[in-house]
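> Residue strings, one per chain:
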Amino acid sequence: MKAPHPNQRRQRARIASLVLILFMGLLAVAFFRAQVVRGTAWALQSDSNRLRVLTVPAPRGTIFDRYGNVITDNIPSYSVSLFPAPLDSMRASLEGLQPILGLSDTRIEELMELAREDRRQPLLVRMDSDYEEVAALEELRASFPGVFLEMRPKRRYMAGPAMGHALGYVGEISRDELDSPAFAEYEQRMIIGKDGLEREYEVVLQGGQGTRYVEVDAVGRIVGSFEGQAGTPASPGDDLHLHLDLALMEYIHEIFPDSLRGAVVMLNVEDGGVIALYSAPSFDPNEFVGGISRDRWEELNQDPSRPLVNRAVVGRYPPASTWKLATAAIALELGAVEPGEQMSTACTGAYQYGNVVRRCWNAAGHGALDLAGAIAHSCNVYFYQVGLRVGLERLVDEGSRLGFGEACGIDLPSESRGIFPQNLDFWMDRFGYRPYENEVLSLAIGQGPNDQTPLKMAQFYLAMGRDGSAPAPQLAMRSADGEPNPAWSLDLGEASLVELRQGLRQVTSAGGTAFLSSLEHWDFIGKTGTAQRGIDQRVPDAWFVGLAGPWGQNPEVAVAVVVEEGASGSGAAAPLAAKAVDFHLRNRHGIPIDTIQTLREHLEAGVPAPWARWTSEE
Amino acid sequence: MTWFSRWARDPVLVGMALLLSLFGIAMIYSAGVLNVPNPVTEGAWRRQLLWLGVALVAFTAVSRIRSGWIEWLSLPAYLAAVVLLAATLLIGTGAGTAEGVGRWLQLGPIRFQPSEFAKIAAVLAVAKVLADRQHPPENLKDLAAPSLLIALPLMLVVLQPDLGTALAFVGILFAALFWAGTPALLLFLLASPGIALILAFDTRVWSAYFLALAAILYFVRYRLYLAESFVVILANLTAGTIALPLWTSLADYQRNRLLVFLDPAMDPRGAGWNLIQSQVAIGSGGFLGKGFTEGTQKRLDFLPEQHTDFIFSVVGEELGFLGVAVALTLFSVLLLRVVSAAERSGDPFAGLVLFGIFGAWLVHIFVNVGMTIGLVPITGIPLPFLSYGGTFLLTCWVMAAVTVRLAED
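Chains as they are written, first to last, in the numbering used here: chain A, 1 to 618; chain B, 1 to 409.
In isolation and in its complexed conformation, chain A is listed as follows (with noise of 0.2 Å):
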């Protein structure tokens, strides 16, 4: 072939030249339109296919017990979450993770519900991962698209389960509290305090979550911080600090025997501040941090001696002995009966009222006593006598005022009131009938419809540790708050006050029901109590309530035990409050503490015992 004619050549070059141009321009304007016109929209998505939002959750605030010392704080964790994804990814992901988290197919069908309900947040898979899964996770990032690990605040109770009932717990926010309007402001996988002093002081302990913006790759691992979007920190929640006494829990949690079950209380007289509040059997709290395994929740919600439940504000005993205090307090308030003064009739071991014949625990008599005699005898004889001079309408409207029917209103979730009738209509109601006065001889001696919790008797006594005025018993110190506010007070003078301590000093004394727990440095004084519960019982349960302060000085802490079925208030409960009192104020007032505490241990250890008085002062 010829070459073609020039003309020809300049044509078809031509040709060739103007479809190249032709198919830049094509190009050339495809791009424009991309970069230039719709540029600002790629840019909006090429942000967003990089950009994660991240909350950096708040540590929660520190708690100290009364003297600094610090009961629960927070250790860094890892917790593994998920970036949302579309859902039958997020399952693959899961199941991939499945063997190295351990995660059961229920809590996969779990996970996912959760993923569908919010498909922004990211899904918090693990709470608190080990460190060897933590370890095995980062090296298998690339196969576990979408899957981050995070650093997260976790907490730590220090004591154990000497505390757990105390301060409770905490936990991921439940859906039902995600739909309560106190948790408006809350976000899924944030922590919450569950129970206890966690959840009552949530607001104080919580801090604000902050957030983070991060970059993420292609397949959403995260890479570094998405600069040029600054996060806000997280602000970490308000220490709280406490009445309680850290060493105090954890000798109890330690003298409390193993197979029982029951409570301790300790108040300060000064100001109703909770030296300690011990609940057995109890649990560990630290149990639930990072979730609580299914199997350990039914495990301590099937458990017959119920752990989780806090007898110290929820438990309700009927009070028995230890409420003849509160009859005589009434009497002294309302002149029935003078301080000193004896009854008409003496103790022979039964009293008959009309044609009722009620007995005294001691079948043999107490003779005359007087008042003080009588506290310290525990004498139900003299009693009803009291109980009858106050009468059955003025005993149920002052025991009313003063709060046995009611909470105490102690700085806790949740708080038994306690059970007396708060008039005498409650007989109709409860019982259907009108109450005959014979009734005031059973509720005189702390029987009858009477049922109170270990804190309720505890700050029934702080009242007579001070000037009669008993304010609300609070574990957390309120520094704004000053002189905390008397829930109520008893009208009483200071005779009054002085002989009704004066029976509860005969208690602990030689001839006391309580002398073997007598201590040394500490006028130790109170009431047992041993209180039949229901008909199938076939062991009572053991109180005791009292006072407690150095020699010849105004009481300092005011402490209540329970026992269930532990049998005697002297055998059983007396000398956990004896021990747990001498712990508490040997710490405070410097005094070295040593294993040889109640007048028992000092004769079972052949120790001698100067203080103890062999001799009744009567």
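What the hints contain is simulated information worked out from the structure, not anything from laboratory work. Positions of the beta carbon are idealized from the N, C-alpha and C atoms, including for glycine. Honestly, I wouldn't trust all of these hints.
What the hints assert, rightly or not - Just some of the chain A residues that point at chain B, by a computed CB distance under 8 Å: (1) Ala3; (2) Arg9; (3) Ala16; (4) Leu27; (5) Phe31; (6) Ser46; (7) Asp217; (8) Arg221; (9) His253; (10) Pro257.
Said to hold, decoys possible - In silico negatives: residues of chain A with every beta carbon more than 12 Å from chain B: (11) Gln11; (12) Ala41; (13) Arg359.
Position chain B against the provided structure of chain A, taking the given hints into account.
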């Protein structure tokens, strides 16, 4: 610059090619700057630089071969290429981002893509066949020989499968036929079965097209043999008929690529991913781009095959429309230079080769750049001089050498 002119022979064309190659190496370097570094892409720019050295040596040598030898070599080279392509089908291996397909031949320590060599061979062979004719092609029968010549390597490449490179053969054929003076009508009729195949996706569209084709054949009846019309009709009918079985015989990924071209949102995390992420990268580059190595789509691995087939998305994201315009300008100057060389050349073989190269490059550039922005369906086709790939860079430079060599005589 005299030494450069002496060495390059066509300083403008070679200057463009060199600028594009260096631009490419810079972009390949950037493509390796990732947040989660990948050993393959990280060192790719060094290997490409090495290949550029090899390519420049090859350029120097080839641009000094006597043009008569080139013409003489064309048919043996063609036969060798066909044999190599056939061999590739039997013993080919995959590599790099194209792990799954057998496109490479391993010869001792050297591994190369016979399809690239075949492109040059096809250019030379079709030029040779057309140059040996007495007259420009006047009827369809005249087109048979060059068409079959191209069809053979094309089919072998399709079987690899490598649809992108196959398109380059089509570009070569049409560009060479055009330069040979083939009437536009014949070119259209030659293309018509292909058009029918594409339009067959919708029966009504295809029917309308077929009626239009018949009408055209009727109006130009005096310029065609009856047999030619008959063949065209038959070919178009066949294309329309086999479209469906051909469609179903495609591999899933090939079918999906075509489907997401029509609607990327159909499968945004699967087949549509590449296109969507490429568009996001380019679009978010804006006018000035995010800055060299700063592209987030690239850096965070949203972009697929960012150093090979999608290198232009990195250009768009990091250098913005400005960078895109510069790159397209460089390509345009290069291609216009090829066209003007052909225009100047008095030798029919030389002109045909130059146009074959023009056609191959134009297809490569348009299809590659077009697919990054969704103008063309995604096919695995590299961008001349820019994309990472040793054999391909070498081929481009050999083509440049042939261009400057033949343009001189």
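> Which of the stated hints cannot be reconciled with the structure, identified by number in ascending sequence?
9, 10, 11, 12
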